[in-house]
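Asker: If you read the protein sequences in the order shown, they are chains A, B and C. Using my numbering, read the first sequence as starting at 1 and increasing by one per residue. Using my numbering, read the second sequence as starting at 211 and increasing by one per residue. Using my numbering, read the third sequence as starting at 469 and increasing by one per residue.
Bear in mind the hints are in silico, worked out from the structure with no lab data behind them. Treat the numbers as computed from the prediction; the structure is a model and nothing was measured. There may be inaccurate statements among the hints.
[As the list claims (entries may be wrong)] Simulated restraints, written as ranges between beta carbons of each label pair:
| id | chain 1 | residue 1 | chain 2 | residue 2 | range |
| --- | --- | --- | --- | --- | --- |
| 1 | A | Pro76 | C | Gly723 | 32 to 38 Å |
| 2 | A | Ile35 | B | Met281 | 41 to 47 Å |
| 3 | A | Ala80 | C | Phe650 | 34 to 40 Å |
| 4 | C | Glu604 | A | Ala67 | 44 to 50 Å |
| 5 | A | Leu174 | C | Met633 | 17 to 23 Å |
| 6 | A | Gly108 | B | Leu402 | 33 to 39 Å |
| 7 | A | Arg5 | C | Phe650 | 44 to 50 Å |
| 8 | B | Arg348 | A | Thr123 | 24 to 30 Å |
| 9 | B | Thr347 | A | Gly108 | 24 to 30 Å |
| 10 | A | Trp46 | C | Asn581 | 48 to 54 Å |
| 11 | C | Pro653 | A | Leu174 | 24 to 30 Å |
| 12 | B | Glu390 | A | Trp46 | 41 to 47 Å |
[Stated by the list, open to error] To give an idea of the interface, some chain A residues facing chain B are shown, with a C-beta separation under 10 Å as derived from the structure:
| id | residue |
| --- | --- |
| 13 | Gly108 |
| 14 | Asp110 |
| 15 | Ala111 |
| 16 | Val113 |
| 17 | Glu115 |
| 18 | Ala116 |
| 19 | Gly117 |
| 20 | Arg118 |
| 21 | Gly119 |
| 22 | Met120 |
| 23 | Leu122 |
| 24 | Thr123 |
| 25 | Gln126 |
| 26 | Gln130 |
| 27 | Leu135 |
No residue lacks a Cβ here, since even glycine has one placed at the ideal position from N, Cα and C.
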Amino acid sequence: MNLFRFMLRNHDQVLELTLEHLRLVGFSTLLAMLIGIPLGIGIAHWPRFNKPVLASANIIQTIPSLALFGFLLPVPWLGARADRLAILALTLYALLPIIRNTYTGLRGVDAAVVEAGRGMGLTESQLLFQVELPLAVSVILSGVRVAIVISVGLATIAAAIGAGGLGEFIFRGLAMVDDRVILAGAIPAALLALLADFGVGWLERRLQPR
Amino acid sequence: MQATAATPVIEFRDVSYRVAGTQVLSGFNLQVHSGETLVLLGRSGSGKTTSLKLVNRLLTPTCGDILVRGMSNKDADLIRLRRGIGYVIQDVGLFPHFTIERNIGLVPKIEGWPEDRIRARVQELMQMVGLAPETATRYPRQLSGGQRQRVGVARALAADPEILLMDEPFGALDPLTRDELQREFLLLQRRLHKTVVFVTHDLHEALRLGSRIALMEAGRLVTVLSPGEFLRSADPLAAAYVRAFGKGLESAANRGTS
Amino acid sequence: MKRCSTFVVVAAALVLSSCSPSHTDRIVIGSKNFTESFLLGEIVAQMIESRTQLKVDRRFYLAGTYICQQAILAGRIDIYPEYTGTALTAILKQKVGGDKQEVYQRVKSEYRNRFGLTLGQPLGFNDTFAMEIRGEDARRLNVKTLSEAAAFAPKWRAGFGYEFMERPDGYRGLVATYGLHFAEPPRIMDLGLLARALKDHQIDLAGGNTTDGLIPALGLFVLEDDRHYFPPYEAVPVIRQQTLEQHPEVAQVLGALAGKISDAEMQGLNYAVDGQHRDAEEVTREFLRGKGLVQ
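Please model the complete structure; the sequences and the hints are all you need to start from.
Answerer: Below you can see the structure in the form of C-alpha cells.
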C-alpha cells in the first residue's frame, strides 16, 4: 500500500495527531504572546532591563530541546503530564523571537511620531495602543511567525516524551521500520510549518504600516 | 485660567536644565505675552529646543519654574497641559497609519468631541491651512513635505489651544515652500492671535515672523528685542548674526507683525 | 479597527486549535513497541471490532511505558496492555513485594484512585524477566538457577534491553540480589535482537522475557529466579474510566479475555511473528478463532 492510500485509510489518525500537534503549538504560542508581548513592551519603555530579559530568553533558546524536556520531567505537577510539560517548553522557546520582535518593532517606530504624540497630550497607554503597537504590529507578527514555525518543529520532538502530535507517527514509524508511518507524520508536520509561515507572512504584509 | 493683560501666558523663572553632565540651560528668565510670536533664535546647542520642551513638560527643569497661564506646570495635570498646547515639530510626526483627517482630528477625538463637530472642525482647519478637501482621506506618505507640515499645523490647532509651540517647523522644507508657509503663518496669526513660541536658527525667519526675538547662546538668554531693534542692535552677538545673514533683512523685518 | 479584528482572528484560531480532540465514536488502542505488546493490542482490537459496533483505531509501537501512560492520561488512547509489575515500579514508583494477587490489587486500587484508570482482569500469563542462557551451556555447566549462575558471570558477556537497564526493578536490583559481576558492562540492544545474539555467541546471557517465542525455538534455557527478585508481571488491560462509562460493552469484551492466554500460548504467538515472520493481524485472527472468541 503506497503512502497516499495509507494516509487516506488512516485519515482519522492523521487528523487526530495533526490536531494534537496544533494544540501543542497553539497553546504555547498563545502563552508566549501573552507573556512575551507585554515583556517586549516593558523593555522597550524601560531599556535598562532589555539586556537581562533578552539574555535570559537567549539562554533558553540555546538549551537543546530534548535536554529541556528532560530537565522539566522531574518537576512536580508539570512533569506529571507530558503535554503540559511540552507546552511549557514550547512556550519558553517561543519567547525570544516574540520578545525581541516586540522590542525591535516598538523601537523602530519613528521617534518624531512618538514625540508628536506625546507632545499632543496622548496618555502613555493611548500612545501605546493607538500609535506604537499598530505601527509595530507587522514586526511583532513576524516574531510570532518565527515562533510558530519553531514550535511546529519542536513539537515533533515532544512526542519523544509522550506529548503526542505528529512526531508520534515519526517515532512509531522508526520503531516499526515503516516509511509510510514516518512520512505520515513528517509530511503533515512540514506542511503545517509551511502553511503557518505562509499564512502569517501574508498577514504581516497586509498589516504593514503605510 | 485666562491670562489677563498683565499676566504673561508663559513665564520662565530662573530655569536651569542639566543633563548628562552638560548644562544645557542656565538662569533662563523670559516672559511670553498673549498674542505675540516670541522667536527663540540661536545656533544648535544654544538651548532653544530645550526651552520649548520645558513648556509642555516633555522635559523637566533641573531648577526653576515654568508658569503656564500663571500656574507652575510642575503641578499641572500633564495630559491637560499638553492638550491645551499645540506642538509642531520639524519632522512633523504625522501618524502614518491614520488618514489626514484622522490625524488632524486626533486631539478632539480623545477629548470626546462629537463626530460631526470633529468633522466640521477638520474641514475648517484644512481650509485654513490651505489643504484641498480631497486630501482628507489620503495618507501622509501620499503628501509632499509642505503639505505634511500644513497638516502638522492644522493638527496642532485642532482643539483650539491658546498656545502654539513650534520647533523649526519649516526647517526641512525647500526655500519656496518655506516662504509660502511663512506667509501663510503670518496670515493665520493675524486671524487667530495665538501665543506662539517659535524656535529657529534662521534670522530671516525670525525677523519675518517674530513680534520679539529672544537671542540665545550657550544656554543663556542674551537679549530680547523687536525685529527693528535687533537690526540696529549694538549687542556683539546680535550684530554678528546680522552680519552673517547679509542682505534682504530689512524687508524681512518690515513684513513682520509687531 | 481592521488590525484589532485580525488579531482577534489569529488569537481565536490559536485557541480553537488548542482544544482537545475528542473521539467519542472510536476506541483508540495503544501498545508499546515490542511484539508481545503489539499482539495484545491487536487481540483487544479485533475482539472489540468483532463483538461491538465500535470503530477501532490502533496506535501501536508507542515508545515505552511512560509514553503509554501519558497518552492514556491525556485521553489520546483508551486502552493499552500493561504488566502489573511494571505498573507498580515504573509508574507508581513503589517497591515490589507480595504475590501476584497482592500486586494486582494494589495496582488496581492505586490506578483507580490516582489516575482514574481501570485495571482489567489479568489476561492469563506472567511475562516476567527471563535470564536466558544457551541450552547447551545450561547442560554443560549444570546450572539451573541464577544463584548458581553467579559463579560463571565473570566469564560471561550479558545483553539487556534499554528499559531493563533503566528501570528500578531491572538491572541494578538483579546484580545486587545475586551478586553478579560480569566481565564487561552489559551490551544494550533491541529486545528483538537479544535471543539471536545469544544464539550467535555474541552474548552469553540475555535479559529476555518468559514469553519469548525464541526460547523453545532456539533451545534456550531460562534460569530460575530462586531468590524471587523479579516481581510478577501479569498482563492486564488498562482502560480509561470515561471510556468504560461511555462504552460499557468494552468491559464485557475485556471480561471475555480474562485468563484466556497462557504463558505457552503467548510464546507461540510471539514466535509466529518474530520467528516465522508471519503477519500479526493474521496470527491474531487465527488465535482468536481457534479459541472461539470471535466468529
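Asker: Against each hint, give a clear statement of whether it holds in the structure.
Answerer: Do the hints match the structure? See the list:
1. A:Pro76 x C:Gly723: 32 to 38 Å: holds, 37 Å
2. A:Ile35 x B:Met281: 41 to 47 Å: Holds - the Cβ-Cβ distance for Ile35 of chain A and Met281 of chain B, about 43 Å, lies within 41 to 47 Å.
3. A:Ala80 x C:Phe650: 34 to 40 Å: holds, 36 Å
4. C:Glu604 x A:Ala67: 44 to 50 Å: holds, 46 Å
5. A:Leu174 x C:Met633: 17 to 23 Å: holds, 20 Å
6. A:Gly108 x B:Leu402: 33 to 39 Å: holds, 37 Å
7. A:Arg5 x C:Phe650: 44 to 50 Å: holds, 49 Å
8. B:Arg348 x A:Thr123: 24 to 30 Å: Between Arg348 of chain B and Thr123 of chain A, where Cβ atoms are some 28 Å apart, the hint holds.
9. B:Thr347 x A:Gly108: 24 to 30 Å: holds, 27 Å
10. A:Trp46 x C:Asn581: 48 to 54 Å: holds, 50 Å
11. C:Pro653 x A:Leu174: 24 to 30 Å: holds, 25 Å
12. B:Glu390 x A:Trp46: 41 to 47 Å: holds, 43 Å
13. Gly108: violated, 12 Å
14. Asp110: Result: holds, 7 Å to nearest chain B Cβ.
15. Ala111: holds, 8 Å
16. Val113: Hint on Val113 of chain A: holds, closest Cβ of chain B at ~5 Å, below 10 Å.
17. Glu115: holds, 6 Å
18. Ala116: Ala116 of chain A check passes; min Cβ-Cβ to chain B is 3 Å, inside 10 Å.
19. Gly117: Status holds, d = 7 Å.
20. Arg118: holds, 6 Å
21. Gly119: holds, 4 Å
22. Met120: holds, 6 Å
23. Leu122: holds, 7 Å
24. Thr123: holds, 6 Å
25. Gln126: Holds, about 6 Å.
26. Gln130: Constraint on Gln130 of chain A satisfied, holds at 8 Å.
27. Leu135: holds, 6 Å
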